[in-house]
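Order-wise, the sequence lines are chains F and W. Residues 601 to 1084 in our numbering are what the first sequence spells out, letter by letter. Residues -7 to 458 in our numbering are what the second sequence spells out, letter by letter.
Please note that the accuracy of each hint is not assured.
Claimed, not checked - List time: in silico BS3-like cross-link candidates among lysine-lysine, alpha-carbon distance up to 27 Å:
1. F:Lys777 x W:Lys168
2. F:Lys779 x W:Lys318
3. W:Lys168 x F:Lys657
What the hints assert, rightly or not - The following label-pair restraints were derived from C-beta to C-beta distances:
4. W:Arg57 x F:Pro800: 51 to 61 Å
5. F:Leu619 x W:Lys143: 49 to 59 Å
6. W:Ala36 x F:Ala896: 18 to 28 Å
As the list claims (entries may be wrong) - According to the in silico footprint, chain W covers these stretches of chain F (three or more CB under 8 Å from chain W):
7. 639 to 645
8. 735 to 749
9. 865 to 875
10. 1005 to 1016
If you're looking for bench data, these hints aren't it; they were derived computationally from the structure. Note that CB positions come from ideal geometry on N, CA and C, so glycine has one too.
Chain residues, written in single-letter form:
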Amino acid sequence: MLIFEKSKKNRVNAPQAPLSEATRSGIPEQFRRKQRTNLPEVSEMQAVRHYTQLSQKNFSIDTHFYPLGSCTMKYNPRASNTLSMLPGFLGRHPESPDNLSQGFLACMYDLQEILKEVTGMKAVSLGPMAGAQGEFAGVAMIRAYHDARNDDARTEILVPDAAHGTNPATATMCNYKVKEIPTNSDGDVDIEALKAAVGPQTAGIMLTNPSTLGVFERRIKEIANIVHKAGGLLYYDGANLNAILGKVKPGDMGFDVIHMNLHKTFSTPHGGGGPGAGPVGVSERLEPFLPVPLVAKKDDEYYWLKEKDRPQSIGRLSTFMGNAGVLLRAYIYARLLGKEGMHRVAEFATLNANYMMAELKKAGFDMAYPNRLATHEFILTLKKQAKDLGVNTMDFAKRLLDYGFHAPTTYFPLLVPECLLIEPTETEALEDIDAFIEAMKAIQKEAETDAEKVKGAPYTLPVRKLDDVKAAKELDLSWKPAAQ
Amino acid sequence: MPFIPHTDEDIQKMLGAIGVNSIDELFAEIPNELRSDDGLGNVAEGMSEMEVSRLMKERAEADARTLCFAGAGAYEHHIPAAVWELTTRGEFYSAYTPYQAEASQGTLQLLYEYQTMMSSLTGMDVSNASLYDGGSALAEAVLMAVRANRKSKSRRVLMPRTVHPNYRRVANNIVKNQGIVLEELDYDREGGFIDPDNLPKDPGDFAALIIPQPNFFGVLEEVDALTNWAHEHKALVIAVVNPTSLAILTPPGEWGETGADIACGDGQPLGAPLSSGGPYFGFMCCRDSFVRQMPGRIIGRTTDLDGKEGFALTLQAREQHIRRSKATSNICTNQGLLVTAATIYMSLVGAQGLERVASACHENTLNLLDALADVSGSNKLFNRPLFHEAVIQLELPVEDVMRALSVQGIIGGVSLADDYPELGNAILVCATETKTAADIETFIAALQRIAKRLTANACPVQPKMA
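With the rest of the complex left out, here is chain F (with noise of 0.2 Å):
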C-alpha cells in the first residue's frame, strides 16, 4: 500500500511543521499555486510505521551478506554515522565562514592527506560527489592538461572492453571518442592491440586495476610506459581499491590521476544508491586543474582554496563542496583503521575471495580465469549450469535470494558469459562465507533435480520475479488520485 493511500484529506500533522498560521507574504496572485499538492496527509505514527515496514522490505548490509562484485559492500561502522552527524557538522552552512570552520575544515584537510598517502598522488580534490563524477574530473583534467599544451590532436580515449559503463560514458561526456582494447584469454590487456592503438590522436587510457574481471593487470608498467610515450595520460579507475589499499599504490603504477570511491573502499554507506563520493588524486603534471575548492593549511589555519585561487582548475562540479557528509564518513573510517587497519583491508579482503574460490572450485564451479590468483572479487561462469540444466545465471541469482543472500553482480562483465562477479569484502566471517557456499552447492543440486523450482525463484520475499517488459511498456512512475 501507498503512503497516498494511507492519506486524509485535511489531516495535518501539526507539531512537525510551525504552529500558527502565516499573517502576511505580499506575494501577488498571479504567482500563487492554485491547486493544493498531493503530498500524503498522515499521522506521524502513521508515517513512521509505513516507512519502517518499507524498510524492512529490503536487503542491506545489516542484515544479509551481500558478496556484490565490484560494489565492495562492507560494513558500514555505526561510529562514522554517529559521529559525522554532530550538530556542529550538521549545522555548518556551506557559506560559513573559515573563522567558523576550523573543525570541519581540519577533518577535510587531514582526509585530503590520507588519501594522497594512500594513493601515492600528489595531490587530491574531494569535491566530486560519485565515482562517475571522479571519473568526469579526471578526464576533464585530461583534456584540460593537453588543451593547456595546445594538443588538440587527440581525440581518443582507450578504454579496456571489460571497463565498467561508466568509462566509455565519460569518455563521451568529455567529447573524446571511445576506442576498445582487447582483452586477452587470462583477463590480462592485450599488450599488442594497445601498442597498435596509441597514437598522437590518443588523449589517454581509461583502466582498473585489479580489473574488472577480478585480476590484477601484471604489466602495468609496461603498458604506462606504451601510453606515456605516445603522449597520452593513464586515468585509474578507483573501483577496485579495497583490494591493493596499503599494498600498491596506482601512483607507484604510473598513474597520473585517478578516482576513488569512498563508498566501498572508505565504508561509507551506499543508502540504497548513493549519496557516494569520488575524489580525485593528480600527478604534479595534472595539479593546477584539479577541482575546486581545496582545503588548505598555513600556520595550523585552514582555508579554502577556490576559483580565484586555482586559475587553470577544471573548476566545481558541485554547487558547494562536494558530499561533505560522506567525506566525513571517510574519515572517521581512516582514523579508526590507522595504517595497519589499511594493510590488513586488501590481505582479508583478499583471503575471503580466494578462499570462497578455492572452495567453489572444489564444489564444480567453473572461474572465468582458474589459473590466475583472485584479487578481492573473482569470476564464476554458469555457461555449463545455462546449456546443460537451462538455469542461467539470474536463477541462481534470484534463487540466492531465497537462500538469504543477495545475489553476486550478475552478467558483468559483459565479455565473460553467464558469470557472476563475487566480492565477499573484508569483513565477513568465515561462517557467512562458508554458508553462501553451501547454498551455492545446494542450488547446483536443486538445478539438476528440479531446474523449475530454480528459474521461478525467488519465493519467500515481498514479490516474485518481476515484469521488467510491462515496467517499461506500461510506463506507471508515478500514482495518480482516483478520478474524482
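Chain W: place on chain F using the hints.
Positioned in the frame of chain F, the structure of chain W alone reads:
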C-alpha cells in the same frame, strides 16, 4: 582488528583450503617493484572508537553553534526527528542500488512515492529518482534539453544571471566540453529580474531558456511571459526551483500557456541538514514525452509472476551500464539516502504542513527586512515580489561587516561582492522558519553596533585644535 572477524584458526583453515602458506602469497601476481607494504608512513596509527569520538566532538564543537541568516541555495529548516531516525535504519542506510528488485522493494516503493511527490510539487508528468545536487542537476537538464529539442539543433542555451552563480559555474564546467554554450542574459537593475519586455528581439536559434523561480536574489521572475517567449522561439524551458516554495508558488508545469518542459533544483530544503553543502540531492522532472531523454534512475510500478504489484528500475536502456558511450549520462547513482529523508519529510509535514513551512519562512524574511530597514546605511534592493530571501545593500564594506558578525557567531548572509560587483556592498539574507523574533533582534542589534563602530573607525573624529 577493526571490522575484520577472522581468528588465527580461521586464517590457517582458509590458507589451507586455498593451498598457500601465507596471505602474502595471494599477492604473488603483483610485480615486486610495485609493492609498498610499509608505504603508509604518513598515515597515523589507528585509534579506538572512544578516541575518535573525542576528536570528532572537539572538532564539531569548535565550529560553535552559529546564528545563520545565510541561504543562497542551502536553507536551515526544521527537520522532524523521525526523518533521520528512519533514514539511518540499517535497511535503508546500508542497502545497495536496487538492482535485485525483489530484495529491494522497500527502497523501490519509496522511490516511486518520491517520484509521485516531486511530480505533484512541480506539476510535471514524471520525475527521476534524483541526481547529485542542484548545480549538477541543472547541468544534466541542459544536456537533456539539447538532446530533446527536436525543433532546434542549436547548442546555445540562455542562462539568466539571476541563476545561482555556482549553478552557472557547475553547468558550464560539465557541458562545455560538448560544445554547448551557455549564453548569459543580464538582469534588470531595478527589479533584480529578467524583464520580459527587454528580452532580445532577435535571439537567434537556441535550444532552451533557463528560468529560476525564485531567482538567486529571492525575486520572483515573470515565469509565464518568459515561458511563452521561449516556446514562441521553439526553445524548451528549464525551470530551476526551490521545492519548499512550490507549496505556495505556481508549479513549473503550469507556467505560461503550456508549462515548463524540464524542472530541476536542489532537494536540500526537504529534510537534508545544511551539512557544509552536502550530501544534498538534485531533482529532475519533465514532460512525459521527454522521459526517454531523462538521465538518472527511474522507478516503475509493475507486477510479479503472480500478478502482485511491485516496483523495479525501468528504462535502463538509457543508462551507462547498458548503453556505455551512447548513454544519456555517465551517472550511475542517485542520492538514495537523501531521497529517503525527503520522502519521509514530505510525508510528515504533508501538503498543508509544507505550505506552512514555506509561508513561515517567507514571513520571517519579511520581518527581517522590516527590522533591517531601521539599520542606518542598509537598503533593500529590488522592488519586486520575493520569496524568503532578499538582497540588502550596506554602506560599509561587506567583508568587514561579515567578519565582525562572525566573531559573534552570526552568519549575516552571503556576500555578493565577487559575483555581482555592480551591486556594491550587497548581501543576500534569508530567515527561515527556524528563526525567532529574538534571533532577528540579536542580528539587528549586532549589526547596529558594528555599523556604529566601523563608521567611527572609518571617519575618525579629528581632535580640534584649540
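So, going through the hints one by one against the coordinates:
1. F:Lys777 x W:Lys168: holds (16 Å)
2. F:Lys779 x W:Lys318: Cα-Cα ~13 Å, so holds.
3. W:Lys168 x F:Lys657: The hint is violated at about 43 Å.
4. W:Arg57 x F:Pro800: 51 to 61 Å: holds (58 Å)
5. F:Leu619 x W:Lys143: 49 to 59 Å: Taking Cβ atoms as reference, F:Leu619 and W:Lys143 lie about 50 Å apart, which means the hint holds.
6. W:Ala36 x F:Ala896: 18 to 28 Å: holds (20 Å)
7. 639 to 645: With 5 residues closer than 8 Å to chain W, the segment 639 to 645 of chain F meets the three-residue bar; holds.
8. 735 to 749: holds (count 4)
9. 865 to 875: n = 8 at 8 Å, threshold three: holds.
10. 1005 to 1016: It holds, with 3 qualifying residues against the three required.
Going through the hint list in order, the structure does not satisfy hint 3, though it satisfies all others.
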